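Chains as they are written, first to last, in my numbering: chain A, 1 to 257; chain B, 1 to 402; chain C, 1 to 132.
Worth flagging that the hints you see were computed from the coordinates, not collected in a lab.
Computed from a prediction, not measured in an experiment: that's the story for all the values here.
Keep in mind that the hints are not guaranteed to be accurate.
As the list claims (entries may be wrong) - One-sided and incomplete, this derived list gives chain A residues near chain B with beta-carbon spacing under 10 Å: (1) VAL130; (2) ALA160; (3) CYS161; (4) VAL192.
Glycine is no exception: its CB is placed at the ideal position from the N, C-alpha and C atoms.
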Amino acid sequence: MKISRKRFLQIGGLTLCAVACKTAVGELLDIGEGNSPSAPGAAPATRWAMVVDTAKCFKKDGCTDCIRACNKAHNVPAINDANHEVKWIWKESFENALPSQANPYGGEKFRDKPVMVLCNHCDKPPCVRVCPTQATWKREDGIVMMDWHRCIGCRYCVAACPYGSRSFNWVDPRPYIAELNPSFPTRTKGVVEKCNFCEERLVNGQLPACVAACPEKALVFGNVADPKSDVRQILESRFTLRRKPELGTQPNVFYLV
Amino acid sequence: MFMIEKAVVGSRRYWTWVLCLCGVVGVGFLCYLRQLHYGLGITGMSRNVTWGLYIGQFTFLVGVAASAVMVVLPYYLHNHKEFTRMTILGEFLAISAVTMCMLFIFVDMGQPWRIMNVLLYPTPRSMMFWDMVSLSGYLVLNAVIALITLDAERKGIAPARWIKPVILLSIPWAISIHTVTAFLYSGLPGRSFWLTAILAPRFLASAFASGPALLILLCMLLRKLTGYEVGTKAIRSLAVIVTYAMIINVFFLLMELFTSFYSQIPALTEHFQNLYTGLHGEPAPMLVWGRISLALMAIALLLLLAPATRKNEGMLAAACAVTFIGLWVDKGICLVVSGFMPSPLGVMTSYKPTLPEVLISLGVWAIGALMITIFYKITLSVREAAEASTEECVATPITALK
Amino acid sequence: MRDRGVIYTGLLTFLALMTFPVWHDLAAKTTSRGPEPVMPTREKLCVAPLSYMRTSHMNMLMDWRDAVVRHDVHSFKAYNGKTYNMSLTGTCLTGCHTNKAEFCDRCHNYAGVSVYCWDCHVDPKMAGRSAK
Chain A
1 MKISRKRFLQ IGGLTLCAVA CKTAVGELLD IGEGNSPSAP GAAPATRWAM VVDTAKCFKK
61 DGCTDCIRAC NKAHNVPAIN DANHEVKWIW KESFENALPS QANPYGGEKF RDKPVMVLCN
121 HCDKPPCVRV CPTQATWKRE DGIVMMDWHR CIGCRYCVAA CPYGSRSFNW VDPRPYIAEL
181 NPSFPTRTKG VVEKCNFCEE RLVNGQLPAC VAACPEKALV FGNVADPKSD VRQILESRFT
241 LRRKPELGTQ PNVFYLV
Chain B
1 MFMIEKAVVG SRRYWTWVLC LCGVVGVGFL CYLRQLHYGL GITGMSRNVT WGLYIGQFTF
61 LVGVAASAVM VVLPYYLHNH KEFTRMTILG EFLAISAVTM CMLFIFVDMG QPWRIMNVLL
121 YPTPRSMMFW DMVSLSGYLV LNAVIALITL DAERKGIAPA RWIKPVILLS IPWAISIHTV
181 TAFLYSGLPG RSFWLTAILA PRFLASAFAS GPALLILLCM LLRKLTGYEV GTKAIRSLAV
241 IVTYAMIINV FFLLMELFTS FYSQIPALTE HFQNLYTGLH GEPAPMLVWG RISLALMAIA
301 LLLLLAPATR KNEGMLAAAC AVTFIGLWVD KGICLVVSGF MPSPLGVMTS YKPTLPEVLI
361 SLGVWAIGAL MITIFYKITL SVREAAEAST EECVATPITA LK
Chain C
1 MRDRGVIYTG LLTFLALMTF PVWHDLAAKT TSRGPEPVMP TREKLCVAPL SYMRTSHMNM
61 LMDWRDAVVR HDVHSFKAYN GKTYNMSLTG TCLTGCHTNK AEFCDRCHNY AGVSVYCWDC
121 HVDPKMAGRS AK
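Next comes chain A alone, as it looks inside the complex (with noise of 0.2 Å):
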């Protein structure tokens, strides 16, 4: 068969384009949370989750321990200016942080008391899915995790994250950090940070800095796919509750009211 240079091209062209079109359409289609590929359905080894004990919080007024020892633990900058703060997990009021659970009839039982908030780690993660990256991806055993040397300061995850969990390094952090750490790098301006559950710590089979230092051991930590962990012995004996889970993110942190 007789064939023009023309095309040849013209035919080798559009097999090129046929390729590329199916390996988009493929990454398209899987528009999973950032996992390494593991069979579909399988369940995960470990899925590291974290259980908030709101009652046992309430009952040391004031208390901020699991604050300090976070923000220590990882150089978290203190920056007064509300506009420029940093923080990786914090309080808010009960209607902020469950809103779909307030109701006006509430009560000061739970009004007035504080909720503590943190990244989520979402099995499937929005922030994930915008990074444009990979700066932010889901790690195999569940954490969401952040590479400081590869964001580029877009924000993009600041917005797609449904719990303003994430905070953006608007100005040099390192003036505003009291006392250096060592064993955990700072970051650095123009990138975004967020609660790491303590990856680092986890490594050398610590429990994180936040539910080490709770004096009332109201933030319980542990692997939820064990079916004899603390976590999962919680949540298959109690109510509790996550937040905005009508959005499909399922978070990873549960909330004992």
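The hints should help you fit chains B and C onto chain A, whose structure is shown.
Just chains B and C, lined up with the frame of chain A:
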């Protein structure tokens, strides 16, 4: 080949304008250096309102860039000969607008030197990746189209035949750039103001009203300054397009208002209360801007609807100016910032751009204005030379393409 | 030549400016000196051969970075068989190169290389102190 030599020869008025623009660019650049040094904290953005003036301007200008299709489509697909002398002006407007878009994204980044990461680690599930692909592609497309067609005109011949499919490709591509930009917003589960299927259609409708409105104003300005005549029929034709687009845009807005206020779901109503009706005693940071945009859109619509005002060029200029400014307030200021109010934790944080932020934005606009000035200067010089050297209608080379 | 004065002045100025690095360093007596980093005393063997470290330590650090941050791999088997925890502050600066200013900075300053590692990674010497 790039005909730059035509841009360095000009009247005193031309050079004064160019140098003024360079001054604005210079001031903006100095402010940007300060921003690089201090961080984005120099702007008015905050932990709750993380996108502000820069991304708002980017969103608006993507629309202006896409609107070139409103001239290209009738001319190349439907032989609408009235647009003969206007098409290339629309294409150059698109190039300048897309460049401004990319610059606004660049100045908004926290780590701009890492921008290549978007290409080094392509992430097809992220809409921002596709935005970069589509904007870059659109820039290249329009640059090639404008260059080839203008160069052919200068030589007095028909452009190469392969440019026709490239031009046809630019039509769906123009729609795609603004759709992808809308997708940046309309897929985020936590932002109820943007989580609506009608966002992309709203974007397109307001783009096709504001972009051609600007093009009409630019053509009128060109006629006044240089005597270059695109033709009354062209302007009237484009004015009809602006009118229809404005009608559709307002209609879509009314659809949004119905769904929100009839359903009474707070996640939907609170944004429109913040913008238009007020928040029952609570501070509504966007109320003034929202009402301004409504008023301007209403005035623009009234001016555009009446054929008498549309046919009177002075009134049309006013209508186009009100259209452009009204839609700029709606998309460049209200749309992006309102999405962050309230924050995911229910807090209404107000946003006010700072002086450095405004100066950087003006600097980017000045770069766009500079590009348009230079492109139009080159185009007009080529056309004047062509007219002087041949007695045939200058439009022959392009029509010979058909 | 009418403008002899102007031309010679211009030439001389140009030559002076172009040769500035040479005579400035001669005057400051820095020419013959190299960077002179202070070698570690605690450990005798490096995590990689010296020649490799000289040319490619930045590549090794990038590999360590990607392994730790992106793949959750923390231990590194060196060419000498020893295992190290991959950490710039924890291993490099704590175990061996305890004085960043006398080691890392010497070569970097000499070569005019500005690395941004220190924007985030903490020099152990600054531990406990306020970051101001």
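Enumerated hints in conflict with the structure, sorted upward: Every hint satisfied by this model.
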